[in-house]
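Residue numbers (this note's numbering), protein chains in the order written: chain A, 5 to 400; chain B, 150 to 380.
Hints in this document: simulated from the structure, not taken from any laboratory. Just to be clear, a hint being listed does not mean it is correct.
In silico contact screen, one side only, chain B against chain A (beta carbon under 8 Å); selected entries [unchecked claim]: (1) D176; (2) M180; (3) L226; (4) F243; (5) N247; (6) M249; (7) M251; (8) L263; (9) T330; (10) L366.
Partial list, computed: chain A residues near chain B (C-beta under 8 Å) [what the hints assert, rightly or not]: (11) S7; (12) G73; (13) K75; (14) E298; (15) N309; (16) I374; (17) A388; (18) I393; (19) F396.
Listed next, the stretches of chain A that the computed footprint assigns to chain B, with coverage defined by at least 3 CB atoms under 8 Å from CB atoms of chain B [said to hold, decoys possible]: (20) 11–22; (21) 299–307.
Here a beta-carbon is modelled for each residue, glycine too, at the ideal position from N, C-alpha and C.
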Amino acid sequence: MTSIFSQILTVMMMNIRSLPQRFWMSFSATLAISVVVAVLLSFLSMSKGFEKTLEGAGSENTAIVTRSGSKSELNSVLSNDIVNIITAAPGIAHNAAGQPIYSPELFVIVDGIRRSSKLKANLPMRGISSVGFELRSNVEIAEGRMFEAGKNEIIVGKAAQREFAGFDVGTEVRFGKTIWTVVGLFSTGGSAFESELWADTRTVQSQFRRGNSFQTVRVLLETPGDVQGMVDLVKQDPRLVLDIQTEAEFFSEQGEALSGLVSIGWALSIIMSLGALAGALNTMYTSVSDREREIATLRAIGFSNISAFFGTLVESIVLSILGGFIGAIASYLFMNGRTTATMGGNFTQVGFSFEMSPELFQDGIYLALIIGLVGGIFPAWRAARLPVILAFRGGV
Amino acid sequence: MSGKLLYDLKSVSKTFVKGKEKITIFDKLDMSIAEGDFLAIMGPSGSGKTTLLNMLGGVDQPTGGEVFFNNSRVDTLSEGQLARWRANNIGFIFQFYNLMPMLNAARNVELPLLLTKLSSSQRKKSVETALKLVGLSDRATHMTSEMSGGQQQRVAIARAIVSDPKLLLCDEPTGDLDRKTADEILSMLQLLNRKFGKTIVMVTHDAAAAAYAKRTLHLDKGVFVEKDLAA
Numbered sequence: 005m006t007s008i009f010s011q012i013l014t015v016m017m018m019n020i021r022s023l024p025q026r027f028w029m030s031f032s033a034t035l036a037i038s039v040v041v042a043v044l045l046s047f048l049s050m051s052k053g054f055e056k057t058l059e060g061a062g063s064e065n066t067a068i069v070t071r072s073g074s075k076s077e078l079n080s081v082l083s084n085d086i087v088n089i090i091t092a093a094p095g096i097a098h099n100a101a102g103q104p105i106y107s108p109e110l111f112v113i114v115d116g117i118r119r120s121s122k123l124k125a126n127l128p129m130r131g132i133s134s135v136g137f138e139l140r141s142n143v144e145i146a147e148g149r150m151f152e153a154g155k156n157e158i159i160v161g162k163a164a165q166r167e168f169a170g171f172d173v174g175t176e177v178r179f180g181k182t183i184w185t186v187v188g189l190f191s192t193g194g195s196a197f198e199s200e201l202w203a204d205t206r207t208v209q210s211q212f213r214r215g216n217s218f219q220t221v222r223v224l225l226e227t228p229g230d231v232q233g234m235v236d237l238v239k240q241d242p243r244l245v246l247d248i249q250t251e252a253e254f255f256s257e258q259g260e261a262l263s264g265l266v267s268i269g270w271a272l273s274i275i276m277s278l279g280a281l282a283g284a285l286n287t288m289y290t291s292v293s294d295r296e297r298e299i300a301t302l303r304a305i306g307f308s309n310i311s312a313f314f315g316t317l318v319e320s321i322v323l324s325i326l327g328g329f330i331g332a333i334a335s336y337l338f339m340n341g342r343t344t345a346t347m348g349g350n351f352t353q354v355g356f357s358f359e360m361s362p363e364l365f366q367d368g369i370y371l372a373l374i375i376g377l378v379g380g381i382f383p384a385w386r387a388a389r390l391p392v393i394l395a396f397r398g399g400v
Numbered sequence: 150m151s152g153k154l155l156y157d158l159k160s161v162s163k164t165f166v167k168g169k170e171k172i173t174i175f176d177k178l179d180m181s182i183a184e185g186d187f188l189a190i191m192g193p194s195g196s197g198k199t200t201l202l203n204m205l206g207g208v209d210q211p212t213g214g215e216v217f218f219n220n221s222r223v224d225t226l227s228e229g230q231l232a233r234w235r236a237n238n239i240g241f242i243f244q245f246y247n248l249m250p251m252l253n254a255a256r257n258v259e260l261p262l263l264l265t266k267l268s269s270s271q272r273k274k275s276v277e278t279a280l281k282l283v284g285l286s287d288r289a290t291h292m293t294s295e296m297s298g299g300q301q302q303r304v305a306i307a308r309a310i311v312s313d314p315k316l317l318l319c320d321e322p323t324g325d326l327d328r329k330t331a332d333e334i335l336s337m338l339q340l341l342n343r344k345f346g347k348t349i350v351m352v353t354h355d356a357a358a359a360a361y362a363k364r365t366l367h368l369d370k371g372v373f374v375e376k377d378l379a380a
C-alpha cells in the first residue's frame with residue numbers, strides 16, 4: 005500500500021514539476037476556471053449581501069401587521085380603527101403606563117436620482133413615530149439631528165444617501181409640490197432601513213394626502229416570535245383582514261426578490277464551467293500526450309496504472325484549485341464590500357454591500373474542484389491505459 | 150549455453166491484425182536463455198527483434214505459445230501482476246534513455262526503488278552505489294537534461310540495476326551514441342554481466358555492439374540463426 009502511495013506521489017510530483025513545459029496551456033485553463041469561479045462568487049456575494057441587509061432589518065421581537073395578501077408594505081393599507089383594534093390584541097408588550105407599544109407607519113415612494121446612473125429611481129419614505137425608533141435596534145443619528153413633528157423635515161439613511169444624489173444634511177428636496185429639508189443622517193447597522201427616508205408620521209399623512217390611514221403597524225411582542233395572540237384575534241374578528249408576521253419572517257420573504265438573480269448566476273456559471281471544462285480536458289489530454297513516453301517508461305519499470313491515473317488526476321485538480329483560489333481572491337478583492345442598490349419587495353431601491361463569506365469561498369473552490377475532477381478523469385483514464393510498449397518507440 | 154535456465158519460450162507466436170491483413174511476426178518460435186547469458190539479438194528492421202524484447206519484458210504478450218521465467222509462466226499474468234514481476238526481475242535500458250527530465254540523476258535512479266519497501270535511507274544508499282558503479286557519483290544532483298548522451302545512458306543503466314534485477318533488457322542501448330561513448334557503455338554492460346552475473350538481452354543493429362555479447366541471435370522472418378561469440 006505504501007508503495008502505491010509513493011508511486012502516486014512520485015507521478016504527481018513529476019507531473020507538477022513538468023508544468024512549466026506546458027505553461028501557457030495550463031495557465032489558460034487555470035484562468036478560465038478562475039473566471040468561472042469569480043463570476044459565480046460575484047453573484048452569490050451579491051445575494052448574500054442582500055440577504056444580510058434584509059436579515060438585519062427583521063427582528064423576532066417585533067411583529068408587523070399588514071392587510072391580508074398585500075405581501076409588501078407598499079400594497080398594504082390600514083385604517084386608524086383597525087390599528088386601534090389590533091393593538092389591543094394579547095401578546096403585545098406594554099409600557100410603564102400600561103399602553104401597548106406599537107408604531108403605525110406610512111410607506112410612500114418618492115423619486116430620487118441614483119448617483120451611478122443619474123436616472124430616477126424609487127426611493128422609500130417612511131412616516132414614523134418615536135416608538136418606531138425604539139422598535140428598531142441600532143438606530144443612530146450619525147449627522148445632524150432628528151426631524152421635528154409637524155415640520156417638513158426628513159432624516160436620510162446612510163445607504164440612501166450613498167446611492168442617491170441630493171440628500172446631504174441641510175439641503176432641501178422637492179417631492180411633488182412639497183419641499184422637505186434634510187436635517188439628519190441615520191444608520192441602522194447596515195440593515196435595509198438605511199435605504200429609506202424617515203419623517204414624522206402625521207406630516208407624511210398630511211403632505212401625501214393619506215387621511216388617517218397607515219400602511220403597517222409594528223408592535224413589540226411580549227415573547228419574541230410569539231404572534232399567536234394577535235393571529236387568534238384576527239381569526240375571531242371578521243373586521244380584521246390582516247396578516248401577522250414577525251419582522252424577521254416578513255423580511256425573509258422580501259429577500260426572495262434576488263433568488264431569480266442567484267439562479268441566473270448559477271446558470272451562467274454552469275455554462276461557463278462547460279467552457280472551462282473543455283479547456284481543462286484539452287490541457288490534460290495534451291499533458292498526457294506530452295508525457296506518453298514518461299508514463300510508459302514508468303509502467304515498464306513497474307509502476308502501476310493506478311499511479312498513472314491518480315498522478316494525472318491530481319495534476320488537473322491542482323490546476324483547477326489554483327484557478328478556484330485566484331477566482332475567489334479576485335472576487336473578494338473586487339466585490340467584497342462593494343455597495344449597490346436593487347429593487348426590493350416594495351418596488352423601491354434597497355442599498356446593500358456584496359458579502360463574501362468563507363462559505364461562498366468554499367463554494368467557489370468546490371466548483372473548481374468539480375471542473376478539475378471531470379476535466380482530469382478522462383485524460384487520467386487514458387494515461388492509465390497507455391500501452392507500455394510506447395516506452396520503446398522513437399526518440400524525442 | 151550453460152547455467153540455470155532463466156527464460157524458456159515454447160512455440161511462441163505473435164501476429165498482428167492490420168485492417169483485414171494478418172501479419173505474422175513469429176510462428177512457433179522456441180528460445181532459451183540461461184542465467185548469466187549476454188545475448189545480442191540482431192536483424193533487419195521489421196524482423197521483430199524489438200517485439201521479441203517486449204515479450205521477454207512482459208510489455209507485449211504472445212498470441213500463442215508459452216513464456217516461462219524461472220520455470221513460472223509469465224504470459225498468463227495480469228497487467229498488474231506483470232508490472233510487479235517487471236519491478237522485481239527486470240531492468241530496462243532504452244535507446245533514448247527514457248529518463249525523467251524534471252528529476253535529477255539520483256531521483257531518476259531511485260524510481261524503481263519506490264516500488265520496494267526500502268526506507269528512504271536504504272534507497273539513498275542503493276542509489277549512491279548504483280551511481281558509483283556507473284561512474285556518476287559526482288553528478289547525483291545534476292538534472293539529466295543537462296547531461297551528455299553517454300552520461301544519460303549511464304544514469305539509465307544505474308536506474309536499471311539499482312534494484313538488483315536478474316535480467317537487463319536493452320533496446321539499442323548505444324543507438325544514439327558515438328562510437329567511443331558506445332564502447333564505454335557496452336564495456337559497462339559487459340562488466341555487469343561478467344562481474345555481477347547479470348543476464349543481459351540486447352537488441353542492436355550494430356555488429357560492433359553485438360561483439361560485446363557472449364552470443365548473437367540473428368532474427369529474420371521469425372527464424373533464428375545463432376553464432377557463439379563468447380570469449
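Do the hints match the structure? See the list:
The restraint placing D176 of chain B at the interface with chain A is violated, with a minimum CB-CB distance near 21 Å, outside the 8 Å limit. Interface restraint check for M180 of chain B: the shortest CB-CB distance to chain A comes to about 19 Å, outside 8 Å, so the restraint is violated. Taking 8 Å as the C-beta cut-off, the interface hint given for L226 of chain B is violated, the closest approach to chain A being about 13 Å. Hint status for F243 of chain B: holds, given a least beta-carbon distance of 7 Å to chain A, under 8 Å.
Interface restraint check for N247 of chain B: the shortest CB-CB distance to chain A comes to about 4 Å, inside 8 Å, so the restraint holds. Because the smallest distance between the Cβ of M249 of chain B and any Cβ of chain A comes to about 6 Å, under 8 Å, the interface hint for this residue holds. Below 8 Å, beta-carbon pairs count as interface contacts, and M251 of chain B has one with chain A at about 4 Å; its hint therefore holds. Checking L263 of chain B against chain A: minimum C-beta separation of about 5 Å stays under 8 Å; hint holds.
With a least beta-carbon distance of about 16 Å to chain A, the hint placing T330 of chain B at the interface is violated under the 8 Å criterion. Because the closest C-beta pair between L366 of chain B and chain A is about 18 Å apart, greater than 8 Å, the hint is violated. The criterion of a C-beta within 8 Å of any C-beta in chain B is met by S7 of chain A, whose closest approach is roughly 6 Å, and the hint holds. At a threshold of 8 Å, the smallest CB-CB gap from G73 of chain A to chain B is about 69 Å, leaving the interface hint violated.
For K75 of chain A, the interface hint is violated, the least distance from its beta-carbon to any beta-carbon of chain B being 64 Å, above 8 Å. The beta carbon of E298 of chain A comes within 6 Å of a beta carbon in chain B, closer than 8 Å, and the hint placing it at the interface holds. Evaluation of the N309 of chain A hint against chain B yields a held restraint, the C-beta minimum of about 7 Å falling below 8 Å. Taking 8 Å as the C-beta contact cut-off toward chain B, the hint placing I374 of chain A at the interface is violated, the least distance being around 28 Å.
For the restraint placing A388 of chain A at the interface with chain B, the shortest Cβ-Cβ distance is roughly 10 Å, beyond the 8 Å limit, so the hint is violated. The criterion of a C-beta within 8 Å of any C-beta in chain B is met by I393 of chain A, whose closest approach is roughly 5 Å, and the hint holds. Of the supplied interface hints, the one on F396 of chain A holds, with its beta-carbon coming within about 5 Å of a beta-carbon of chain B, less than 8 Å. Requiring three or more residues with a Cβ within less than 8 Å of a Cβ of chain B, the coverage given for the region 11–22 of chain A holds, as 5 such residues are present.
Evaluation of the coverage hint for the region 299–307 of chain A: fulfilled, as 7 residues show C-beta separations to chain B shorter than 8 Å, against a requirement of three.
Of the numbered hints given earlier, the model fails hints 1, 2, 3, 9, 10, 12, 13, 16, 17; all others are met.
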